[in-house]
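Novice: We have chain A already, so just place chain B on it with the hints.
In order, the protein sequences belong to chains A and B.
Each residue of the first sequence is one higher than the last, beginning at 6 in our numbering.
Each residue of the second sequence is one higher than the last, beginning at 6 in our numbering.
Some clues are possibly wrong.
Pairs count within a copy or across copies, as identical chains cannot be separated in the list.
The calculated DSBU-like cross-link candidates involving lysine-lysine, where the alpha carbons are at most 35 Å apart (straight line), are [stated by the list, open to error]: (1) Lys114 / Lys258; (2) Lys295 / Lys72; (3) Lys102 / Lys295; (4) Lys207 / Lys295; (5) Lys204 / Lys295; (6) Lys115 / Lys295; (7) Lys114 / Lys295; (8) Lys204 / Lys82.
Hints are computed from structural coordinates only; laboratory data are not their basis.
2 protein chains.
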Amino acid sequence: MAKLVECIPNFSEGRDESVINGLVEVAKSVNGVTLLDHSSDSSHNRSVFTLVGDVDGIQEVAFKLVKYASEHIDMTKQTGEHPRMGATDVVPFVPIKDITTEECVEISKKVAQRINEELDIPIFLYEESASAPDRVNLARVRKGQFEGMPEKLLQEEWAPDFGDRKIHQTAGVTAVGARMPLVAFNVNLDTSDITIANKIAKIVRGSGGGFKYCKGIGVMLEDRNIAQVSMNMVNFEGTPLYRAFETIRFEAKRYGVSIIGSEVIGLTPAKALIDTAEYYLQIEDFDYGKQVLENHLLN
Amino acid sequence: MAKLVECIPNFSEGRDESVINGLVEVAKSVNGVTLLDHSSDSSHNRSVFTLVGDVDGIQEVAFKLVKYASEHIDMTKQTGEHPRMGATDVVPFVPIKDITTEECVEISKKVAQRINEELDIPIFLYEESASAPDRVNLARVRKGQFEGMPEKLLQEEWAPDFGDRKIHQTAGVTAVGARMPLVAFNVNLDTSDITIANKIAKIVRGSGGGFKYCKGIGVMLEDRNIAQVSMNMVNFEGTPLYRAFETIRFEAKRYGVSIIGSEVIGLTPAKALIDTAEYYLQIEDFDYGKQVLENHLLN
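Chain A with its partners taken away, still in its complex shape:
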């Protein structure tokens, strides 16, 4: 069985269709790589691509995309709502099949090195690939954004992991790293009181003392007049979906509030939901790799 890696590069261009189409063309140009999805947001002025491929193909396509972006996106003129520090802002690699997070860390470092050597863009390694604890979190790495980067790189603790202490004049700085697949999972409550969703979000998320691999905030769904606990499950094996769900259920009870539904936004690995089915059906000794038919068909 072939190893499969996902890559979800974020580019700081969500308006110029010729550049976006150029990126799509590059994304489709490498053997062994499939472009699963791409979406662009013009107010954010940002495009997110989702690619899956074998170990060699995914490295090649990631580099080629970063190269194309560096040649076609000028950060000195770029504006948009979304925080960003480079033409290619961030390049995460995610283990999908028959591959470990450690192997994805190695992949991320190889690609980071090549980007720096051939394109002269300084790189911060982040998430699982981070060289220091304060580089794990992307928001912290990116703080100051493109405009603040020249000065930030000169600070004692912010030397790039690859490259010198000066930005690429038009392409800025890029973050590269490995992370687990992320599931965007929102739970809807039968209340219009956003403060309840906020309190519960704080309880379930790692930063509030809750589950380590869960991030969450309260959100108001204005059109339905209900409050929602909106979560990113950043490691569904470390914090399974059902655990966050059942915790929200019993915490909501204190306020006489019930769960009325949930949403999974975008893509999810099958295993995130199958682990959940295993829990509720109390399945003994289920072997995901062997017993799920489709796992024998991927190669």
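Specialist: Chain B in isolation, oriented as in the chain A frame:
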């Protein structure tokens, strides 16, 4: 995306390794087809092969396997515990991906016709491919077994769907048809009273007035001294796993009995468990085809 069909032929040989190895070789000889699994039982004197392939490949491999079995298995000398009527006893085709049950019915009829024309084996179409209601159920079609078939074929209502009213002298008769994927799903109770498992099995199974696509019996797990409701979910979209599970839960309550676990035996399509996760997490508007990452990787 390519259409994918599963085929699970059952052969009346589970002892002679040279014949079994010959079948394995044939199973691996067709392009576009993967042999997922094969298992042989010597007391049953039967082998079950699990193959997946594209529309052309699966038809070709099914025919070739039936041909090989007809040349190497002599039903006049075959004995074993499992009921059987032919060297190849039954050939079910199952829709896996981007293909309807109706298309699998067409596939089954083409293969049935070819087997009859080239090998002179009479064929009964069964399950979704059946030409009459009393041919849907395999046990009913096979009643009388190999030894009773010469006489059965002469009965008014038992003319084969393909071929004359006489068996192949050594290969007997074969059933061919399309059916939905089957999930073997067992639910364990915290009681050693088999009569409770029997009563509940009767309630959940279609033949007892329960769920149409569920078959079930009570079974004693002697080593654990617990009773089990052992089910075949023959259409997990018509009768989802969670529905049988929750029904067993509330029926068991009447006896003060609880569910202590469950088992999925062998292979299951991912969707059978993901549908279950959707139910328990109350996910709104989940699109299985689009939102499950792996579905974009199968081709």
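Novice: Against this structure, judge whether each hint is valid.
Specialist: Here is what the structure says about each hint:
In the homo-oligomer, the alpha carbons of Lys114 and Lys258 never lie at most 35 Å apart, since the shortest distance is 46 Å inside one protomer and 56 Å across protomers. In this homomeric assembly, Lys295 and Lys72 come within 35 Å of each other (Cα to Cα) only across copies, at 30 Å, whereas the closest approach inside a single copy is 40 Å. In this homomeric assembly, Lys102 and Lys295 come within 35 Å of each other (Cα to Cα) both inside a single copy, at 13 Å, and across copies, at 19 Å. With identical chains, the CA atoms of Lys207 and Lys295 are at most 35 Å apart between copies only, with a shortest distance of 31 Å across copies and 37 Å within one.
In this homomeric assembly, Lys204 and Lys295 come within 35 Å of each other (Cα to Cα) only across copies, at 33 Å, whereas the closest approach inside a single copy is 41 Å. Proximity of Lys115 and Lys295 under a CA criterion of 35 Å is satisfied in both settings, with 32 Å inside one chain copy and 31 Å between copies. Within a single copy, Lys114 and Lys295 get their C-alpha atoms as close as 32 Å, and across copies as close as 31 Å, so both meet the 35 Å cut-off. Taking identical chains as interchangeable, the C-alpha atoms of Lys204 and Lys82 are never at most 35 Å apart, the minima being 40 Å within one chain and 74 Å between chains.
Against the hints set out earlier in the document, violations occur for numbers 1, 8.
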